[in-house]
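Engineer: The lines below spell out each chain.
Number of protein chains: 4
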Amino acid sequence: MPEKIRDVAHVSAVELLTPVLDDTVRFFTDQMAMEVVDRRGDSVYLHAWDDYEQFTVKVTGANTSGIGRTWLRARSPEALERRVASVERSGLGLGWSDDEPGYGPVFHFTDPDGHPFGIYHETRRYVPSDATRPSLKNQASRFPGRGANVRRLDHVNFLARDVVPSEDFVVAALTGRPSEQIVLDSGTKAAVWLTFSDKSYDVVHTRDWTGSPGRLHHVAFATDTREDILRAADVFLEAGVHIETGPHKHAIQQTFFLYVWEPGGNRIELCNAGARLLLAPDHEVITWTEAERAKGQAWGLETIASFHTHGTPPVTG
Amino acid sequence: MPEKIRDVAHVSAVELLTPVLDDTVRFFTDQMAMEVVDRRGDSVYLHAWDDYEQFTVKVTGANTSGIGRTWLRARSPEALERRVASVERSGLGLGWSDDEPGYGPVFHFTDPDGHPFGIYHETRRYVPSDATRPSLKNQASRFPGRGANVRRLDHVNFLARDVVPSEDFVVAALTGRPSEQIVLDSGTKAAVWLTFSDKSYDVVHTRDWTGSPGRLHHVAFATDTREDILRAADVFLEAGVHIETGPHKHAIQQTFFLYVWEPGGNRIELCNAGARLLLAPDHEVITWTEAERAKGQAWGLETIASFHTHGTPPVTG
Amino acid sequence: MPEKIRDVAHVSAVELLTPVLDDTVRFFTDQMAMEVVDRRGDSVYLHAWDDYEQFTVKVTGANTSGIGRTWLRARSPEALERRVASVERSGLGLGWSDDEPGYGPVFHFTDPDGHPFGIYHETRRYVPSDATRPSLKNQASRFPGRGANVRRLDHVNFLARDVVPSEDFVVAALTGRPSEQIVLDSGTKAAVWLTFSDKSYDVVHTRDWTGSPGRLHHVAFATDTREDILRAADVFLEAGVHIETGPHKHAIQQTFFLYVWEPGGNRIELCNAGARLLLAPDHEVITWTEAERAKGQAWGLETIASFHTHGTPPVTG
Amino acid sequence: MPEKIRDVAHVSAVELLTPVLDDTVRFFTDQMAMEVVDRRGDSVYLHAWDDYEQFTVKVTGANTSGIGRTWLRARSPEALERRVASVERSGLGLGWSDDEPGYGPVFHFTDPDGHPFGIYHETRRYVPSDATRPSLKNQASRFPGRGANVRRLDHVNFLARDVVPSEDFVVAALTGRPSEQIVLDSGTKAAVWLTFSDKSYDVVHTRDWTGSPGRLHHVAFATDTREDILRAADVFLEAGVHIETGPHKHAIQQTFFLYVWEPGGNRIELCNAGARLLLAPDHEVITWTEAERAKGQAWGLETIASFHTHGTPPVTG
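Chains as they are written, first to last, in our numbering: chain A, 117 to 433; chain B, 117 to 433; chain C, 117 to 433; chain D, 117 to 433.
These are calculated hints, taken from the structure and not from any lab test.
This one's a predicted model, so the numbers in the text were calculated from it and none came from an experiment.
Mixed in with the good hints, there may be bad ones.
Heads up, the list lumps identical chains together, so a pair's fine if it works in one copy or across two of them.
Unchecked claim - Derived EDC-like pairs (lysine to aspartate or glutamate); straight-line CA-CA distance at most 16 Å: (1) Lys120 - Asp284; (2) Lys253 - Glu408; (3) Lys411 - Asp301; (4) Lys253 - Glu400; (5) Lys120 - Asp398; (6) Lys253 - Glu406; (7) Lys120 - Glu400; (8) Lys411 - Glu360.
Isolated chain A, as found in the complex (with noise of 0.2 Å):
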């Protein structure tokens, strides 16, 4: 067996599409703590406060909502290389582009399910201005002390009409590393959770119900403690964001999480993993049974309908 390799550092950053500009802009800077770092055409660029590159979320508007391109960031110019020729190879690649200010050459490709990814590894980072500057040198900018005051990126729940081809293109093309699952009684892959790291997960998988590509489950940030997200849920409450469940304990994977709407339709979770990592480099796949996923979140929730319904864009018929 070959040794596994690490090529991907993290998930960077990640595009949202929105019919309301600027409301979900002012969700991301009101509640989310985030600063407008650049604007360009459509598109406003989000920072987060301890997000060591230049920005964290770019919202584009749009006739509706969902994900646009999802960036990755690649550990070494070696990585890079390695990542396009197998990218290339299967078949999923659209070549270099060098648009994005943030970064050094991006490659673009998709993967099985048609979401648009960007692999780099050249970045610029994220250099303070007088009013952003911390007072810790250790941190990327000052701590806002506002809402939900979300720290960085955690992860990207991606929709996939079949959740098998999407795995095998993150594990074979990106080195990602499947770390839980729900496999139905029927033998098909309900969703994988996969990661590039040290965490838990970086990117996951849920099948479509609809049978639609491209589609977004939800965007995860992260915040320092489990409190944070308490009283993220009172600044979402009285900031009229709809609160979809939460805030409560998923069993699978262990995350406390809490999951709202942000005003164009994606739906945003604010997670907290505790001290929980996956320090194991030869960790195995945990699966969970249709009876055992069954049974809700970890404290006994019963899991929202809306989780198995609500995707973005809409599906409609």
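Given chain A's structure and the hints, the job is docking chains B, C and D onto it.
Structural biologist: The following block gives chains B, C and D in isolation, referenced to the frame of chain A:
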């Protein structure tokens, strides 16, 4: 520049020496919430509730306090081979051993300051008993609900007569990466934090003011929340465990901390990093000056004097 | 209008009936972190760690579940005299008793729905043993560092065939003040929260859908933090205790809550009010409508169906 | 012994003097999360988010720092009459005033050390605007989700040339009850904590080492959780607010605390008591000795030297 590799997955376990074996074991079971999983000769093996391997701490009865062996898990058999070859080249290798029941073959060596180490890849996983079987299958053992509830080992802070050779050894022989450091006005490096993983540090080397080799500053264990650490302070207070300093937040590495001395005299830290990780593969070392260090901890707490005078074993004269 | 007086200092203790005495006692010692302080006949007395009196819960073996007596401490001998006279006038008085070892003379009565009560002023304070002596002299006993670490009794939620007479009795005979209530569109009062103290409620009366007298909705215990409640959820999960709903935040009274069923079937709440107190001496009752109640809990959690169907003792037919 | 009565419901509000009015107001709005509700002359009125009355802090521009008036709300019109009569008898009464827009008639007086007070019953409630209307109707105004999010005023700690007359006055004229105190080996009372409510203290008198009258040690505001206080420490750090000591837990009263100096120099505490209340109507005063006080705070933090030297206004010579 050759591509950086990461051959060490994580620090696995640590051996602590104590002149009061029973008291030290009680500290780890009653206040730290670990489980005794094995006893061999003068040694007791203890397991933290979410450690996937067989043990987290080996406590060994001895004349005095201090640190025995520190174990590192290599990421793969090939990684182990590379590290052994590299250590051998450094002249600090001591040969293979198979006397630890929790691991396959372990290669023994010391670091330049004389701290004993073992590196291995093959391991034996913790298997819960009926009494320790967790409700959630993605957790090593049952959540204890007792004392400080430490989840896992976090890092080891070694004392070193000279920090630089220790750092060089970790970088060159063990593929560690420095993340933060203190450099005095004289140019002397007073301390360096290094990581093998996505955590911002796994080992620390602090200059030993006594000039004695192989000593310990502290061993640290991670809790899920800062509240766990606040609660632990009450637990230590009631148990008569000496609280040295904290709870507070370090400026360096931003760790929320509490330091106590276990009954044998070794300094133990409880730590929580929140959602802070070092995801950048090319993180530049952050250097703290003497003046910056003199400011104390993040929220202004003066660094306690004993932090600069207490190490184990104690040095007389 | 006559000046309002406050003759009841607080709800002191409650008796719970259980068909599985040993299991219920284990729940209170192991998960709730109480101490067994006395045993008499079929009753076991338990003490929460910061209760200044001798006991917090009396658990009594019985055929079925339910609530036995609730004890109230009168603020002074004169206050006790006034309350006894007032209760006597209501026709619900049952006379004096001295059979409780924790108290001086207790006057027994029932509320209009038939729940047994006792009111007294003279009490015996909890005296710690060597094993339970706290480090801080302003604390009743040692902080247990175990399970849910509940600090003290918080409130009792009674079921009542008709809420109004129960409320009137608490106001007129016991000097309670209503703080919040639910009034249905039909004009029926579905629940009322009343307080004797500066807490926003000490007793609650909820309409019993079964028409059976003297039943219990739940007894609640206070923790110091919301994190204590999140941790308790893990403790209950591991112990196989049925978690009914939560953790979440009530809209009414804003209490952060977790509901479990102790092994005998009685519903137990863990609650935290944060810094919320009812300091206004002339607080006006807040009325929640049927529509408002239908919105569920503060952050949108749907009120669990069993909340409206489970009470103790269970009613058949 | 006459029956104890409780004629003062709570400490309502406090006036702080500052030589830098704008900076002090910004501290209260930006870091403490209060709302400016009124401005009159050199005074700005600020409201904490869950205060039911019109204002919590009145900040008044002045030559120097210090405390202006402290307002107490009498429990009823009759209670007000009794207190006024009692204060008049003490010779410290100053007569009625109606110059505070937030209250009905206020009776002015000083305590024996010269601190100005006002007592009243009739009050004007805070009425939220569209911008501050809360989602939950049992909350005074919208949860700000900003900075320290202090919920309400908690207590005032006065300096007094001699603690005993101040204590006697609070007990005799204001129906306060002492709960804890420090008595030095010399027999001198160094500090006393008194309460009007079920909280374990509402006012504190600490001996003034300078012999100057009418000075302030600190004013304290309550947060819902200890985590709010940890977060506030980051907020103060980023805002350049001087953090004097904490976060830590007091041994006396067990309060979790953080002390900062607002820009005008007045010491401000953020405090959290957890679920601790003083429910016993006959609580005996707990006395701490000089030796016990020398042990520092609950978890061993040495009491900071400036705690014994800094008061406002500053005293020179």
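Engineer: If a hint holds in the structure, say so; if it doesn't, say that too.
Structural biologist: Results of checking the hints against the structure:
no.	hint	result
1	Lys120 - Asp284	within (15 Å within a copy, 26 Å between copies)
2	Lys253 - Glu408	between (45 Å within a copy, 10 Å between copies)
3	Lys411 - Asp301	within (15 Å within a copy, 36 Å between copies)
4	Lys253 - Glu400	between (38 Å within a copy, 12 Å between copies)
5	Lys120 - Asp398	within (9 Å within a copy, 21 Å between copies)
6	Lys253 - Glu406	between (48 Å within a copy, 14 Å between copies)
7	Lys120 - Glu400	within (14 Å within a copy, 26 Å between copies)
8	Lys411 - Glu360	between (19 Å within a copy, 13 Å between copies)
Checked against the numbered hints given earlier, this structure breaks none of them.
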